[in-house]
Amino acid sequence: MTEQIQRKLSESKTARWAVLALVAFTMLCGYFITDMMAPLQDLLQTPVDGGGLGWTANEYGKFTSAYGWFNVFFLMLIFGGMILDKMGVRFTGVMATSIMLVGVFIKWFGVSHDFGGETVSIFGTEWGYPLLVASLGYALFGVGVEIAGITVSKIIVKWFKGKEMALAMGLEMACARIGTGLAIGITPLLSRAFGNSISMPIFIGLILLCIGLISFIVFVVMDKRRDVEDAAAATGEEEAEEPFRFGDILDIITLKGFWYMALLCVLFYSAVFPFLKYAPNLMINKFGIDPEWSGVIPALLPFGNILLTPFFGNLYDRKGKGATIMIIGSVMLIFIHCMFSIPMLDNWIVALCLIILLGIAFSLVPSAMWPSVPKIIPENKLGTAYALIFWVQNWGLMGVPYMIGIVLDKYCITGMVDGKPTYNYMIPMMIFTCFGILALCISLLLKREDRIKGYGLELPNIQKDADIVLAEEMIGEGQR
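Counting in this note's numbering, the sequence shown runs from 2 upward without gaps.
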């Protein structure tokens with residue numbers, strides 16, 4: 002009877018897809034908040050007497066880079082991975098979501114108060130209190146959402162290992178992209194509905210994230226029940242998995258395959274997420290789109306992921322070719338950003354086509370990259386491995402937006418309109434193109450390493466029943 006109960010939950014399709022829906026919704030809420038300031042860049046740079054905050058592109062870059070401050074410099078993400086492997090997905094997920102809530106509240110408080118116009122000098126740089134407080138809140142939120150990301154990845158491995166793992170990861174990423182798409186597409190409309198308010202969209206995101214926490218708590222109840230049933234069904238003959246040790250970090254970082262995966266991650270994501278932070282402003286300055294609708298075309302990128310990422314994930318599950326998929330995505334990335342950098346290609350139809358192509362590329366690489374990590378790293382070290390990869394990624398998510406902001410202010414200003422600068426985005430797009438070229442080189446090295454070490458990145462994820470495999474081999478022998 003116990004075995005039947007165990008199978009009803011642990012082996013139940015309904016249960017594992019319900020788990021995926023719950024944790025994916027939490028990540029949707031997180032990514033909605035992550036990207037909601039991007040379409041408000043034009044309003045943020047509007048002078049204070051015009052209803053904005055009067056930030057420069059450099060200050061906007063500082064705020065955007067804050068996402069990775071604590072993760073990179075205080076190693077919070079790596080500690081989060083260790084906590085995940087020590088304490089499990091339930092404790093870590095609730096902790097991460099709670100950290101997100103606190104961070105969003107601080108960010109909202111910073112943006113909604115002017116603090117009397119006071120400033121403070123940090124390392125020789127002047128910071129207005131709204132910018133500093135909002136950045137600290139965003140940095141704390143970044144800790145929560147990144148730890149939540151690695152936690153959800155390990156949850157999917159736990160519930161979908163040997164099954165539709167890449168499809169599940171693809172669907173989870175698709176839900177996260179819905180959050181990004183909603184943030185980029187509707188935040189300007191929310192702002193306009195509340196009198197060009199910057200703080201109200203953030204407050205709405207805070208409420209949404211509270212619902213996301215409740216969703217994760219429902220998952221906690223299901224996962225705890227599964228563990229109880231697994232323990233009851235265990236015969237005691239199965240060998241327990243070796244627990245994580247701090248020395249295992251050395252085992253991870255000495256693998257070439259790990260570093261290729263981490264470098265591909267930071268290069269590819271640095272060419273996409275920071276681009277999205279500036280994409281609405283690019284639409285205004287290069288393609289002449291009205292600020293209120295500047296997020297519509299960039300929003301097509303994450304919405305395109307909704308169908309394509311699960312499709313490519315399912316393809317990887319059934320057909321394999323993970324390393325090849327990453328190479329194709331990198332080639333597409335180079336072409337797209339190169340086209341964005343050409344000044345005379347300034348028609349909105351060009352922007353639309355390139356964003357659609359970027360959505361395809363952004364569906365290809367992550368759908369193959371994240372399900373490939375468990376093929377390289379043992380499961381008891383998986384939380385720390387994901388944390389290390391996300392830590393490397395956060396260097397790009399922190400540094401690239403800040404760098405782009407500096408480049409825009411120093412080299413790309415072409416004039417002033419209504420007290421706000423206008424920009425030529427050719428140099429930033431060339432920088433993103435270079436990231437694509439480096440990503441292609443790393444993906445080729447990863448495929449070579451897979452061929453040497455036999456990780457199985459080119460093999461399907463779905464494990465066939467032994468009887469089916471034997472029958473197929475017999476059929477093959479008969480045909481020969």
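In case anyone wonders, no lab produced these hints; they're calculated from the structure.
Only a predicted model underlies this, so the values are computations on that prediction, with no experimental measurement involved.
Mixed in with the good hints, there may be bad ones.
To be verified - Now the in silico label distances, taken between C-beta atoms and shown as ranges:
| hint | residue 1 | residue 2 | range |
| --- | --- | --- | --- |
| 1 | H114 | I208 | 17 to 27 Å |
| 2 | V103 | V219 | 38 to 48 Å |
| 3 | T325 | E293 | 34 to 44 Å |
| 4 | T415 | R452 | 45 to 55 Å |
| 5 | I212 | L251 | 20 to 30 Å |
| 6 | T325 | C354 | 22 to 32 Å |
| 7 | Y130 | C354 | 23 to 33 Å |
| 8 | I438 | I357 | 38 to 48 Å |
Every residue gets a Cβ at the ideal spot worked out from N, C-alpha and C, and that includes glycine.
Checked hints:
1. Checked against the hint of 17 to 27 Å, the C-beta distance between H114 and I208 comes to roughly 19 Å, which is consistent with it.
2. Between V103 and V219 the CB atoms are about 21 Å apart, so this pair departs from the stated range of 38 to 48 Å.
3. Roughly 42 Å separates the CB atoms of T325 and E293, a value that falls within the hinted 34 to 44 Å.
4. Range check, T415 to R452: Cβ separation about 48 Å, and the 45 to 55 Å hint holds.
5. Between I212 and L251 the beta carbons are some 41 Å apart, a value that contradicts the proposed interval 20 to 30 Å.
6. At roughly 24 Å, the beta carbons of T325 and C354 sit within the given window of 22 to 32 Å.
7. Judged by the Cβ atoms, the range 23 to 33 Å given for Y130 and C354 is violated: they are separated by roughly 43 Å.
8. At roughly 22 Å, the beta-carbon separation of I438 and I357 lies outside the given 38 to 48 Å, and the hint is violated.
When held up to the earlier numbered hints, the structure conflicts with 2, 5, 7, 8 and fits the remainder.
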